[in-house]
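Read top to bottom, the protein sequences are chains A and B.
full-length UniProt numbering puts the first residue of the first sequence at 1, with every later residue one more than the last.
full-length UniProt numbering puts the first residue of the second sequence at 1, with every later residue one more than the last.
Worth flagging that the hints you see were computed from the coordinates, not collected in a lab.
Wrong hints could be hidden among the right ones.
Treat identical chains as interchangeable: a pair holds within one or across any two.
[What the hints assert, rightly or not] DSS-like mimics (lysine-lysine), calculated; alpha carbons at most 30 Å apart, straight line:
| no. | residue 1 | residue 2 |
| --- | --- | --- |
| 1 | Lys11 | Lys98 |
| 2 | Lys263 | Lys98 |
| 3 | Lys15 | Lys98 |
| 4 | Lys241 | Lys74 |
| 5 | Lys263 | Lys241 |
| 6 | Lys74 | Lys15 |
| 7 | Lys15 | Lys241 |
Bear in mind that the values here come from a model prediction, so they are computed numbers and not experimental data.
Number of protein chains: 2
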Amino acid sequence: MDWGMIDRYSKSLIKEAGHRIRVSFAREIHIDTKDDANDLVTDIDRDIEQFFISRIRRDFPDHRILGEEGFGDKVETNDGVIWILDPIDGTMNFVHQKRNFAISLGVYADGIGMLGYIYDVMADDFYHAVRGGGAYRNDERLPQLEPTPLAEAVIGVNASWVCPNRYVDHEPVIRLVQDCRGTRSYGSAAIELAHVAAGRLDAYLSMRLAPWDIAGGSVIVGEVGAVTTDLRGEEHDMLTKGTFIAARPGLHETILGDYVRLKE
Amino acid sequence: MDWGMIDRYSKSLIKEAGHRIRVSFAREIHIDTKDDANDLVTDIDRDIEQFFISRIRRDFPDHRILGEEGFGDKVETNDGVIWILDPIDGTMNFVHQKRNFAISLGVYADGIGMLGYIYDVMADDFYHAVRGGGAYRNDERLPQLEPTPLAEAVIGVNASWVCPNRYVDHEPVIRLVQDCRGTRSYGSAAIELAHVAAGRLDAYLSMRLAPWDIAGGSVIVGEVGAVTTDLRGEEHDMLTKGTFIAARPGLHETILGDYVRLKE
Numbered sequence: 001m002d003w004g005m006i007d008r009y010s011k012s013l014i015k016e017a018g019h020r021i022r023v024s025f026a027r028e029i030h031i032d033t034k035d036d037a038n039d040l041v042t043d044i045d046r047d048i049e050q051f052f053i054s055r056i057r058r059d060f061p062d063h064r065i066l067g068e069e070g071f072g073d074k075v076e077t078n079d080g081v082i083w084i085l086d087p088i089d090g091t092m093n094f095v096h097q098k099r100n101f102a103i104s105l106g107v108y109a110d111g112i113g114m115l116g117y118i119y120d121v122m123a124d125d126f127y128h129a130v131r132g133g134g135a136y137r138n139d140e141r142l143p144q145l146e147p148t149p150l151a152e153a154v155i156g157v158n159a160s161w162v163c164p165n166r167y168v169d170h171e172p173v174i175r176l177v178q179d180c181r182g183t184r185s186y187g188s189a190a191i192e193l194a195h196v197a198a199g200r201l202d203a204y205l206s207m208r209l210a211p212w213d214i215a216g217g218s219v220i221v222g223e224v225g226a227v228t229t230d231l232r233g234e235e236h237d238m239l240t241k242g243t244f245i246a247a248r249p250g251l252h253e254t255i256l257g258d259y260v261r262l263k264e
Numbered sequence: 001m002d003w004g005m006i007d008r009y010s011k012s013l014i015k016e017a018g019h020r021i022r023v024s025f026a027r028e029i030h031i032d033t034k035d036d037a038n039d040l041v042t043d044i045d046r047d048i049e050q051f052f053i054s055r056i057r058r059d060f061p062d063h064r065i066l067g068e069e070g071f072g073d074k075v076e077t078n079d080g081v082i083w084i085l086d087p088i089d090g091t092m093n094f095v096h097q098k099r100n101f102a103i104s105l106g107v108y109a110d111g112i113g114m115l116g117y118i119y120d121v122m123a124d125d126f127y128h129a130v131r132g133g134g135a136y137r138n139d140e141r142l143p144q145l146e147p148t149p150l151a152e153a154v155i156g157v158n159a160s161w162v163c164p165n166r167y168v169d170h171e172p173v174i175r176l177v178q179d180c181r182g183t184r185s186y187g188s189a190a191i192e193l194a195h196v197a198a199g200r201l202d203a204y205l206s207m208r209l210a211p212w213d214i215a216g217g218s219v220i221v222g223e224v225g226a227v228t229t230d231l232r233g234e235e236h237d238m239l240t241k242g243t244f245i246a247a248r249p250g251l252h253e254t255i256l257g258d259y260v261r262l263k264e
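Next up, chain A with everything else stripped away, as it sits in the complex (with noise of 0.2 Å):
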């Protein structure tokens, strides 16, 4: 596989989408609700994820597609190779904020992660990476990340995870939130990655993250050291939604091993 010219390829398609979505603002976004009234779809969700899934099809007709918008394939093994797609990435901040969203795209050749991008379209700040080969955020490469106590940590984690909620214990959590220095929610999983990989928030947490959400992010923290894994310590399954953690190394340990407990 020439995993080089799929990198060009993949930074073209995402200029390209977000070009798009900038563009679309002019007309008015149609907001609709999917399952409940907090999952807010639009228009130019679904109409960024068919953009990618026809080029996609048209230009790699044996590759699979995996998308938020359900426009892709239904993926039930990792065999192959896997494009796993949120066209828009904080759907919320783009209806409210009409900003802080991004465009997360992973490219996964028999379950491993080859490609990871998270293009922030409004402040136009693109973060890529290629397996083994470093993560850059523009042209500028990310440098590798130190390990920092918890005391100095900086940690991405929705006050909604600090409430009671059937994922975990919250009381550890609210240990956690009084242990470190601080906490930032952001409301985008993507955006909350590219932060992590630029250094800029030590650990990200969620407890309820669908593949799409975390597929590009987990490619370019992972090559600047950080630890991905579900809230088990186990290796994220890029099939199925779940709890997700990202973390400097030792950072991941500490969180793991003392401040989270999973009620499943």
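Assemble chain B onto chain A, guided by the hints.
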């Protein structure tokens, strides 16, 4: 008082300070700590505050200055003109992220906010308002805020206020997090107030803010119709630290009435 002249003067001063901050990134940032490890302060905070104070004292010798770093005046009354300054709001972001911090300045006359400024230095986003003249982001006038129901509101609130704390009962805050559409936390009161002004956050609340965190932002959000008070619902005192909320009309009453229970 020629507020138009002071407005032009302030904008010019803030832009020059922003430039000084950007060039200072070229040299090493010396990180010091004040009361505790979470309260970071840098050489640059102090240098920028002294830059403002030396200029304002030279050009407005009968005005007083209240600044975070303490180089200003000891201000115990609201009489006359008071410049309330945070040279770098969001110091933790400044240190950890080198972005997402702001210069915050409010100019008050006998306790009334006349001029307000928030300059997101790295994004080069400048929010400004003259009392009665509307609020602007750069050259664009910000529209008046319409009421939003809580179920559709995105609220700026840090996870630490969902944990047990000495200011408010955290149980109603848990309900607030669960009843709204989503929460965000950006780590800078000034930037969160800019988001409220621009309609990107529907409310922002915190249990422990200083006058310089909110002096500029209060003027700006007031010009687009946001309601700002302390968490007792009373006018925020610009001379002391305390609780604070800024929210769209209606939402302000809902949050204070149903979700805030002060301990003192």
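Now the hints, each set against the structure:
1. Lys11 to Lys98: For Lys11 and Lys98, the Cα distance is within 30 Å both inside one copy (22 Å) and across copies (26 Å).
2. Lys263 to Lys98: neither (36 Å within a copy, 37 Å between copies)
3. Lys15 to Lys98: Cα proximity of Lys15 and Lys98: in one copy and across copies (17 Å, 26 Å).
4. Lys241 to Lys74: Result: close within a single copy only, 14 Å intra versus 56 Å inter.
5. Lys263 to Lys241: within (16 Å within a copy, 40 Å between copies)
6. Lys74 to Lys15: Only inside one copy: Lys74 and Lys15 sit 26 Å apart there, 53 Å across copies, limit 30 Å.
7. Lys15 to Lys241: within (27 Å within a copy, 46 Å between copies)
Hint 2 from the list above is the single one not met by this structure.
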